[in-house]
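All chains, please: the whole structure from these sequences, using the hints.
Number of protein chains: 2
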Amino acid sequence: MAAVDLTSHPGHLARRLQQAHYLLWNTMVSEEITSPQFAVLNALVAEPGLDQRTVGERVGLDRSTIAEVISRLGRRGLLDKVRDPQDGRRFLLALTEDGLRTHRKLAVRTARMNQVFLSPLSAEEQTLFLELIRRVSDAAEGLRNPGEPLVARP
Amino acid sequence: MAAVDLTSHPGHLARRLQQAHYLLWNTMVSEEITSPQFAVLNALVAEPGLDQRTVGERVGLDRSTIAEVISRLGRRGLLDKVRDPQDGRRFLLALTEDGLRTHRKLAVRTARMNQVFLSPLSAEEQTLFLELIRRVSDAAEGLRNPGEPLVARP
DNA sequence: GAAATTTAATCAGGGCACTGACTATTTCGC
DNA sequence: GCGAAATAGTCAGTGCCCTGATTAAATTTC
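These protein sequence lines map, in sequence, to chains S and V. Per the working numbering, the first sequence starts with residue 74, numbered consecutively. Per the working numbering, the second sequence starts with residue 74, numbered consecutively.
The set of hints was computed from the structure by calculation and includes no laboratory data. Keep in mind that this is a model prediction, so the values were computed, not measured. Where is the CB? At the ideal position from N, CA and C, for every residue including glycine. Treat the hints loosely; a few may be bogus.
[Claimed, not checked] If you want a taste of the chain V side facing chain S, the calculated C-beta under 8 angstroms gives, among others:
{"id": "1", "residue": "F164"}
{"id": "2", "residue": "A167"}
{"id": "3", "residue": "A212"}
[What the hints assert, rightly or not] Below, computed lysine to any residue pairings styled on SDA-like, alpha-carbon distance capped at 25 angstroms:
{"id": "4", "chain 1": "V", "residue 1": "K178", "chain 2": "S", "residue 2": "T80"}
{"id": "5", "chain 1": "V", "residue 1": "K178", "chain 2": "S", "residue 2": "V77"}
{"id": "6", "chain 1": "V", "residue 1": "K178", "chain 2": "V", "residue 2": "G147"}
{"id": "7", "chain 1": "V", "residue 1": "K178", "chain 2": "V", "residue 2": "M101"}
{"id": "8", "chain 1": "V", "residue 1": "K154", "chain 2": "S", "residue 2": "K154"}
{"id": "9", "chain 1": "S", "residue 1": "K178", "chain 2": "V", "residue 2": "V77"}
{"id": "10", "chain 1": "S", "residue 1": "K178", "chain 2": "V", "residue 2": "A76"}
{"id": "11", "chain 1": "S", "residue 1": "K154", "chain 2": "V", "residue 2": "G147"}
Shown next as structure tokens:
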């Protein structure tokens with residue numbers, strides 16, 4: 074009797090959006106390398122030699138998840154993992170030749186996919202859309218490390 | 074060298090948005106019942122006696138995933154599952170008293186959470202935001218069952 | 001300089017999401 | 001009516017995502 078309209082719930086819509094993206098990625102970019110995996114490759118192209126935790130921070134993955142993703146990329150031979158001689162806790166990461174090649178190939182396809190994904194929106198709407206998502210998720214991010222209240226500050 | 078800026082990639086932003094939502098849900102709504110589980114409860118409040126596949130369709134979950142979610146809700150005693158006497162393949166689903174009570178309680182908290190989640194945006198931006206997400210995911214949905222091209226139709 | 005704290009990574013455990021293969025039941029075609 | 005095709009659900013396998021506990025290495029504190 075008191076059912077709610079989920080199409081006005083941002084969380085539900087966010088989930089559907091991600092599913093839609095997953096589908097399109099699989100058909101237009103790769104069935105082997107996932108979008109989070111590409112994000113990791115990309116982070117290591119930008120900054121080779123990062124440690125695992127920092128890569129996770131760059132792409133928005135927690136320590137457990139980043140460990141799994143990196144282990145899969147290692148198994149595929151796309152990156153190497155070496156103990157930091159300066160700090161025995163860390164692993165330093167860098168792409169292999171194969172990893173670099175894969176990143177180059179997928180970067181092109183990803184750009185095409187993004188175009189198709191956003192094509193239902195006009196150019197101005199696309200810009201706005203990305204900005205709105207960023208603002209909402211950045212704000213919620215502030216909850217993770219407290220001190221920055223989300224709604225009001227006295 | 075040829076690294077890409079992920080903050081302009083809708084897929085990456087969609088993932089971050091969902092993570093942000095997950096976090097907020099956990100702190101403001103429930104640590105036991107997840108957002109997809111609430112969506113299933115809600116679908117059964119709206120239409121009691123639906124079968125499993127149709128519930129999945131309503132909330133946007135494939136047959137495998139909906140089976141898991143429903144099994145978990147069943148274990149928690151929030152819904153009942155009966156064979157359809159008319160069609161021996163189907164299971165008919167309905168909420169228990171506990172399921173109804175849980176839905177009522179969470180519906181209130183969910184409304185509050187949505188407000189907080191969207192609070193970084195102005196009222197007009199909020200409406201626009203939801204509409205843009207809907208349009209993008211609806212369009213990509215059309216890829217699932219072909220016949221409706223995503224970009225152009227001749 | 002040894003004890004206490006912090007930090008990087010792992011592991012166990014739970015949940016979401018998809019594909020592809022399989023079973024059981026119903027419906028369609030003839 | 002009976003065999004073929006379609007449909008509902010399950011199961012195995014892979015991957016993402018989180019929390020909480022644990023281990024090992026560094027840093028801080030006294």
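Against the structure, the hints come out as follows:
1. The criterion of a C-beta within 8 angstroms of any C-beta in chain S is not met by F164 (chain V), whose closest approach is roughly 20 angstroms, and the hint is violated.
2. Restraint check, A167 (chain V) versus chain S: the minimum CB separation of about 13 angstroms is more than 8 angstroms; hint violated.
3. For A212 (chain V), the suggested interface contact is upheld, since its CB lies about 4 angstroms from the closest CB of chain S, less than 8 angstroms.
4. Only pairs whose Cα atoms come within 25 angstroms are accepted, and K178 (chain V) paired with T80 (chain S) is accepted, the gap being roughly 20 angstroms.
5. Between the alpha carbons of K178 (chain V) and V77 (chain S) the distance comes to roughly 12 angstroms, so the proposed pair stays at or under 25 angstroms and holds.
6. For the suggested pair K178 (chain V) and G147 (chain V), the alpha carbons sit about 18 angstroms apart, so the restraint of at most 25 angstroms is met.
7. Restraint check for K178 (chain V) and M101 (chain V): the C-alpha separation of about 12 angstroms stays at or below 25 angstroms, so the hint holds.
8. Taken as a hint, the K154 (chain V) and K154 (chain S) pair is broken in the structure, with Cα atoms around 49 angstroms apart against an allowance of 25 angstroms.
9. For the hint linking K178 (chain S) to V77 (chain V), the alpha-carbon distance of about 12 angstroms falls within 25 angstroms, and the restraint holds.
10. For the suggested pair K178 (chain S) and A76 (chain V), the alpha carbons sit about 12 angstroms apart, so the restraint of at most 25 angstroms is met.
11. At roughly 44 angstroms between alpha-carbon atoms, K154 (chain S) and G147 (chain V) are farther apart than 25 angstroms, so this suggested pair is violated.
Taken one by one, the earlier hints fail for this structure at numbers 1, 2, 8, 11, listed in ascending order.
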